[in-house]
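Below are the chains, spelled out letter by letter.
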Amino acid sequence: MSDLYQSDLLRLAASADGAGRLEPPRASVTLDNPLCGDRVTMDVRLEGGRITALAHETKACVVCQAAAAVIGRHAEGLDKDGLAAARAAAEAVLKGGEPPAGAWAELALFKPVAKVKSRHACLRLPFRSLEAALAADQG
Amino acid sequence: MSDLYQSDLLRLAASADGAGRLEPPRASVTLDNPLCGDRVTMDVRLEGGRITALAHETKACVVCQAAAAVIGRHAEGLDKDGLAAARAAAEAVLKGGEPPAGAWAELALFKPVAKVKSRHACLRLPFRSLEAALAADQG
Amino acid sequence: MMARGFDHALIRAQFPILEPGVHGRHLHYLDNGATAQMPKAVLDAIVRHETRHRANVKRSVHFLAEAATEAYDDARESMKAYVNAASEEEIVFTSGCTGAINLVAYSFGSLLEAGDEVVISALEHHSNIVPWHMLAKRAGVVVKAIPVTPEGRLDLDALPKVIGPRCRLVAVTHVSNVTGAETDVAAIVAAAKAVGARVLLDGAQRAPHGPIDVKALGVDFYAFSSHKMFGPNGVGVLWGKSELLARMPPFLGGGEMIARVTLEETTFAEPPRRFEAGTPPIAQAVGMAAAARWISGIDQEAAHAHLQSLTGRMLEGLEGMGGGRVRVVGPLGLQNRYPVVSFIVEGGHPHDICQLLDEEGVALRGGHHCAQPLMNAFGVTGTTRASLALYNDADDVDALITGLGRALKKLHL
Amino acid sequence: MMARGFDHALIRAQFPILEPGVHGRHLHYLDNGATAQMPKAVLDAIVRHETRHRANVKRSVHFLAEAATEAYDDARESMKAYVNAASEEEIVFTSGCTGAINLVAYSFGSLLEAGDEVVISALEHHSNIVPWHMLAKRAGVVVKAIPVTPEGRLDLDALPKVIGPRCRLVAVTHVSNVTGAETDVAAIVAAAKAVGARVLLDGAQRAPHGPIDVKALGVDFYAFSSHKMFGPNGVGVLWGKSELLARMPPFLGGGEMIARVTLEETTFAEPPRRFEAGTPPIAQAVGMAAAARWISGIDQEAAHAHLQSLTGRMLEGLEGMGGGRVRVVGPLGLQNRYPVVSFIVEGGHPHDICQLLDEEGVALRGGHHCAQPLMNAFGVTGTTRASLALYNDADDVDALITGLGRALKKLHL
Ligand SMILES: Cc1ncc(COP(=O)(O)O)c(C=O)c1O
Ligand SMILES: Cc1ncc(COP(=O)(O)O)c(C=O)c1O
Chain H
36 MSDLYQSDLL RLAASADGAG RLEPPRASVT LDNPLCGDRV TMDVRLEGGR
86 ITALAHETKA CVVCQAAAAV IGRHAEGLDK DGLAAARAAA EAVLKGGEPP
136 AGAWAELALF KPVAKVKSRH ACLRLPFRSL EAALAADQG
Chain E
36 MSDLYQSDLL RLAASADGAG RLEPPRASVT LDNPLCGDRV TMDVRLEGGR
86 ITALAHETKA CVVCQAAAAV IGRHAEGLDK DGLAAARAAA EAVLKGGEPP
136 AGAWAELALF KPVAKVKSRH ACLRLPFRSL EAALAADQG
Chain V
1472 MMARGFDHAL IRAQFPILEP GVHGRHLHYL DNGATAQMPK AVLDAIVRHE
1522 TRHRANVKRS VHFLAEAATE AYDDARESMK AYVNAASEEE IVFTSGCTGA
1572 INLVAYSFGS LLEAGDEVVI SALEHHSNIV PWHMLAKRAG VVVKAIPVTP
1622 EGRLDLDALP KVIGPRCRLV AVTHVSNVTG AETDVAAIVA AAKAVGARVL
1672 LDGAQRAPHG PIDVKALGVD FYAFSSHKMF GPNGVGVLWG KSELLARMPP
1722 FLGGGEMIAR VTLEETTFAE PPRRFEAGTP PIAQAVGMAA AARWISGIDQ
1772 EAAHAHLQSL TGRMLEGLEG MGGGRVRVVG PLGLQNRYPV VSFIVEGGHP
1822 HDICQLLDEE GVALRGGHHC AQPLMNAFGV TGTTRASLAL YNDADDVDAL
1872 ITGLGRALKK LHL
Chain Z
1472 MMARGFDHAL IRAQFPILEP GVHGRHLHYL DNGATAQMPK AVLDAIVRHE
1522 TRHRANVKRS VHFLAEAATE AYDDARESMK AYVNAASEEE IVFTSGCTGA
1572 INLVAYSFGS LLEAGDEVVI SALEHHSNIV PWHMLAKRAG VVVKAIPVTP
1622 EGRLDLDALP KVIGPRCRLV AVTHVSNVTG AETDVAAIVA AAKAVGARVL
1672 LDGAQRAPHG PIDVKALGVD FYAFSSHKMF GPNGVGVLWG KSELLARMPP
1722 FLGGGEMIAR VTLEETTFAE PPRRFEAGTP PIAQAVGMAA AARWISGIDQ
1772 EAAHAHLQSL TGRMLEGLEG MGGGRVRVVG PLGLQNRYPV VSFIVEGGHP
1822 HDICQLLDEE GVALRGGHHC AQPLMNAFGV TGTTRASLAL YNDADDVDAL
1872 ITGLGRALKK LHL
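Chains as they are written, first to last, in my numbering: chain H, 36 to 174; chain E, 36 to 174; chain V, 1472 to 1884; chain Z, 1472 to 1884.
Think of the hints as simulated: they come from the structure by calculation, not from any bench. You can trust all of the hints, since none of them are fake.
Dumping the calculated BS3-like pairs for lysine-lysine here, alpha-carbon to alpha-carbon at most 27 Å: (1) 1880(Z) <-> 150(H); (2) 1712(V) <-> 1608(Z); (3) 150(H) <-> 1551(V); (4) 150(E) <-> 1880(V); (5) 115(H) <-> 94(H).
What you are looking at is a predicted structure, and each value in this text was computed from that prediction instead of being measured.
Build out the structure end to end from the sequences listed, making use of the hints.
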């Protein structure tokens, strides 16, 4: 697991890409990890079901911060299906597999998380928040 | 314990001394053993705090029936203190000791019950019912 | 674990407690309906957990906590498989069968209104009566009961009368702990669904006898205890349909069941966590799961046949003993019944019978079996009960019969 | 059991789980506040029970049932001695500390009226918050909270403001699971009694540290869990004053807690049975009692001194680490505090700290510790916590300090 805390992941987390708030968002969702109290707020603006702008506020561990930063980098332009594909890539990594090439290839940095089940929720939280934000807008 | 089921105790139980009801009683109390559902009803008539007549209805095991019969034989004339002494004699037997000489010497038949804790309640139930009946009259 | 077929000696050897015997005699343990004994596989699973994986779950990021959490999750997975639930989220670990039924009575019960009806039966264990009486008192819910037939079965003819339009829940036993009768679940479910009511089965006496299929049963809740199915005390399972659990408020409050807590208010987690407040019975759940897997590893058909044959032997032996003084309470046949046999000895009290049989090394249970309404229906205060488990054999049954013969003599009956 | 004095090596040797280590390293288990490890004496007591005395209690007349009942009664007697209760009738076995507090919230809570007040504190574990929120919602009872000082202690100056004439119960922790602060119970009791309110102490974090004297404390209820005091999961104790328990209605309904049941109504048994519905956690109670006796067998003064010295070493080591980034949350002194130490690393998340320390074999806990209101009061979402038990030593503390140093580097802090 110490391979998790490599400079690349730490840098990704520290980049805090996409951090901030949107004023006004079209949809905003805050989710907690009830087991540790970590919290991610996802603000999105959407057009035709596609994300045109995104910002997140992430009070969380390195894993969760890095995941939020990956989303911050690559989420623009995604629709629900695109997001589902990204989430699937993350889940594949949590199962010990490889992410597909492309925008989400960076998720390979999370491979060491696979064997630490208690941290899976940390990687998922930003994805779940964004999914909920998209759903909130559509429903 | 098989020494419990001796002819003397079985005879005592079968004697059902004092079995029946008083019409009307001065006080009547029915108690259950909630663990097995056994039930003893004690009817008493009192004068000046002394038992002048007593009858019991006992739906119970041999131990309990025999205890009710001992009471049926010897309870007349007792007041609260006399009953307390009888109960103390029973408790002494349950602790493995001997009953005092006198009316309650018969309680020696219950000595084998001492080592079977789950049956202590069976010996106590008629005593408790009678105590409650006396208390009901006085209070 | 076990080859096909049923090697009784092999099974018996897995229960160390049966070895030493009691009062210098072979132990014939026929009190399985109260608590079944624990096979070595289950004890080993518990010891292994306590000595290798002990920690609190779901909270800490360290080796032992990860191991404990995985063990607890695996236990849930095993119990899901044992009852054929749709998902692990439908498995709530409780303190036992009683805890599980109380959870439903408080949580589902809080969704009911005054005048709504809960239907139980005259065959129920107090654990499936008292929680409903308490709900009635709290909320004005009306409790009705399906009567029993002289054979100790639910009187299905009475269903139309008892299950009316205000009925919201039918809560009945799957197998009676007194008569061994198996409930005709399909009939109950049909009657309940016809009025839109839910069905809870008390599976305490059924769970020890092999995997359960809650989907096939078509019920909504299923409750059972670990200690009656060869597992440890202090744990049980409530299975509930997820759409139903999702609509139910929490029962116990505490750690692990919250979404967020402030000093002013609490929001709650999703099931099953919503219903598992505080540190759960972790090692016990691990043990219960080991028990479920142990049972599942046995050839179910062979086990069933073994127990049927012993039950038949017992029924035959008992009927007519003591010149007709001994009378079986419950079904006399082997159809739709489990290996629980109650009997009455005219003029003989259950506790005296049990006491005398104990001297023969035969462990029975006497009394009302926490089923006083049924005792009232039969007009007795108690019965004597012999309940079988996989490790029992013909020798145990014969010890009961001959011992009972001697006891009757001793009591001059 | 133990000679006077404190032989740490002898104690440590009784915990088989500490032997193998983790990740190829020595295990430094500092997550005792979540769950303490189990000494061999306790495990042996459980195994002995399961293999020699296993049966249901209070029901059957046979050798094993007698043995199980006696074991369960003895366990109650041991717990009575451990808390110095007036009688065994004051000891209620529950599913754990959470179960115990919920029992009070439901049962004692049902005696309260809308507008009555329950006073908790900002220092509480969720298990002593959520049940009261739920009661507030059920019954219109008002929940108020004693604030905390910056040191993580109850703010006693606020008592007159918070504990008013409508207060019926003050329910606070005896020792904080986050800061280790010991509550000034005398001050709380005085303030509560002045308005005729009862006092419940959540003793989950105090119980592992030696016998308790509920009489001297002057409280009305005391709740704690077995698994934090070296015993098994799935069991805890609610101690309550008998005159109070006698007036409380039952909480869970089921077998063993009734006086009589008909289809129409139930009457209830006396305490403690009234509060122990269904088959209790028998083997677990036996294990908890073994744990209580194991603790009591240790020289309390020496044990206290040992843990105080380790706590001091830890506080010294932590303060000022990382160029001032590391900050202890809670009392900095050793007065009225127990060996639970929380700290914050500015810019470092508790889970990352825990993860990196786990690689060093150091087991910590990070997060909100089921005390979100306290986290809010401190303006953080979580802390990292090290909590000590008797088997810990200076080596464990040093491993934490050096490991934390390396973790800070790794995280570029
Ligand atoms: C102070 C305090 N109270 C209550 C609890 C709840 O104990 P349990 O989870 O064993 O019910 C804990 C432990 O988690 C605690 O630390
Ligand atoms: C049919 C039935 N239901 C419920 C129970 C209660 O189970 P427990 O005491 O394990 O909670 C029992 C056993 O006592 C039972 O036989």
